[in-house]
Amino acid sequence: MTKKNMDILAGIVFFAFAGLLFIGAGFMPTREGGIAALNTGFYPKMLAIILAFLSVLMIIEAVIKQYVQKKAEAWWSTKSAFSMFAITFILLVLYPFIMKYLGFATASYIFITSMTWMLSDKGKRSPLAIGGISLLLTAIVYIIFKMVLSIPFPQGILI
Amino acid sequence: MELFSMDLYLAGLPYFANPAMFLSSFLGVLVGIVFGALPGLTATMTIAVFIPFTFGMSPFISFAFLLGLYTGAVYGGSISAILINIPGTPSAIATSLDGYPMSQQGRAGEAIGISTISSTIGGFFSVIVLMFAAPALASVALKFSAEEYVGITVIGLSIIAIISPGSTIKGLIAGVLGLIIGIVGLDPITGYPRFIMGQAELIEGIDSIPVMIGMYGLSEMLVQISSAEYKVTVKQKISRIVPPFKDIKRIFGTVIRSSFIGVLIGALPAAGGSIASLVAYGQEKRLGKRKELLGTGIIEGVAAPEAANNASTGGALIPMLTLGIPGDAMTAVLMGGLIIQGLRPGPLLFQQQMPFVSSIFISLLLSVVFMCILGLLGARFYAKLIGFPKKYLIPAILVFGLVGSYAISNSIFDIWVLIISGLVGFLFRKIGLPIAPIILGMILGPIYESNFRRALMLSDGNWATFVQRPISLFFLAIVVLILAGPAVMKVIKKSISSAKGV
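Order-wise, the sequence lines are chains V and U. Residue numbering for the first sequence follows the numbering used here, beginning at 1 and increasing consecutively. Residue numbering for the second sequence follows the numbering used here, beginning at 1 and increasing consecutively.
Isolated chain V, as found in the complex (with noise of 0.2 Å):
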């Protein structure tokens, strides 16, 4: 996708939203006669007003300006990059599960070594390297929030 379309498409999605949020402060309780800004669905429909505007603008802008850089830059570098990212993402998504049901430090432990082991090169994948130094973070993690903070974290089956 060029560099335009994506401002133009980015644009309509503003629009869009400010669309939605406008309705959706539309069903906000209202009291007929009054100072309208005491209404609840004001201050939002005011904030959906502008943003639609600007929004307006900015595909505007997008259609006039010239683009000295037409292409838009890659969402991701290389396949690897994606694998990286989407795994990353996965991982982000099950740490508070895994953190309610193992525990805080077990989550953290399997979110880093994990992470660790993706991002090393491969063939240059220590599992002692990694697990050690998994290890030591996630202690540093533990003994600064749940020692020195005495954050209460859920009770899961292990640490």
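Since the hints were derived computationally from the structure, they do not count as laboratory data. Hints are supplied without guarantee of correctness; some may be wrong.
To be verified - Derived lysine-lysine pairs resembling PhoX-like cross-links, with alpha carbons at most 20 Å apart: (1) K430/U <-> K65/V; (2) K124/V <-> K391/U; (3) K391/U <-> K70/V; (4) K291/U <-> K79/V; (5) K79/V <-> K4/V.
Based on the hints, put chain U in the right spot on chain V.
Positioned in the frame of chain V, the structure of chain U alone reads:
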């Protein structure tokens, strides 16, 4: 009440009888320098990620730590700018222009030394300006009413929109999106829940800290992973660090001039260290004695931006503390740290929490001292740390973010807020929408809304109230000037050049 009493400077002193204050300031500076020096970890992100550490602490100790982080991180960015030509934090962009050439000539230690001395002088200068300007501004701000606050918030959002990279319109959109995040939760006037989608956690509104960690920390890590940027490591040798006296004498004029620029720009709502350092470098290019040598690796080229960016730290705290309007993204995050301690920045802070304000001054001063010592002693150590493998760093930062977000209110819901903010931030970075206005908009949202609606309420719904009060009118005129100024200048230049037939 008299705001200019000596109490303002002394009331905080007794708190420093507690060695924990020194320890947290020291640790803050150390961690700040290390994180600031690591490429890809910005000062804003460092503060955001570490705010959860300060929950259990008293506001005094918490702020000694956070201000240390702030000072250290802004300074630390110069180390990687000098050694590997990658500014560790945006405010060190200009430092690499002369710092890196110096390092290539084998003068890395000298460059770091000059950077440390200039940052120290800039930092001291800014604390002193802060100590005198803040109470003066606070006593003026006491007279502000709702209309004026509306004006100042809009000024802040417009400035950040025009200085953010990319188009002004994108910056404004980002600012409005930030304001929209602020809508979620109970209506401050009617008490009706807005857009809470049946989630009890959202009644109080979206917590700003997970959003900040997500937008600055998580999304930055995602960008680095997605562009395979985590494999940069370079080693450099460091020679002598403490600069000779004749060098300090040589840069003295530059440092003083740049410190002035730094404080002034820092004090503008929303214009922070990166702009300050670029402007100071630009002025050095115009006025400096050795201006033609700039860019080849001369000490003035390191001194100017470094004095300016550290001078901007105290400057940026002025509007944050006195008006509750952050001077830049870093102070916006700091303000988040203040709010979770139950403190509302603004003129009333100076009246009601004088010892705390006083301790802020002293803490900032202390952090400049620690910065100087740690900068001169530890340069070799930080240089080694720059090579710390990102494959360990990225997961560690992510886990800090995850656990830290949870720790704010012991709720897994905040982890979801973090992950969603991180993804949205990643998306916005890719489409070129700046992040800083979103954060500023989110922080300013509640202040803006309640003042805006209060003003309309008190004036019986008369919108003219914003232009009928002289100060408010003046502020709105500034907004128009900021937003329309660049465009108008362009048109004028164009018409002049076409009139000349060029």
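Now the hints, each set against the structure:
1. K430/U <-> K65/V: At roughly 19 Å apart (the allowed maximum being 20 Å), K65/V and K430/U satisfy the hint.
2. K124/V <-> K391/U: 12 Å, holds
3. K391/U <-> K70/V: 33 Å, violated
4. K291/U <-> K79/V: 46 Å, violated
5. K79/V <-> K4/V: The given pair, whose Cα atoms are some 24 Å apart, is violated under the 20 Å limit.
Comparing the model with each earlier hint shows violations of hints 3, 4 and 5; every other hint is respected.
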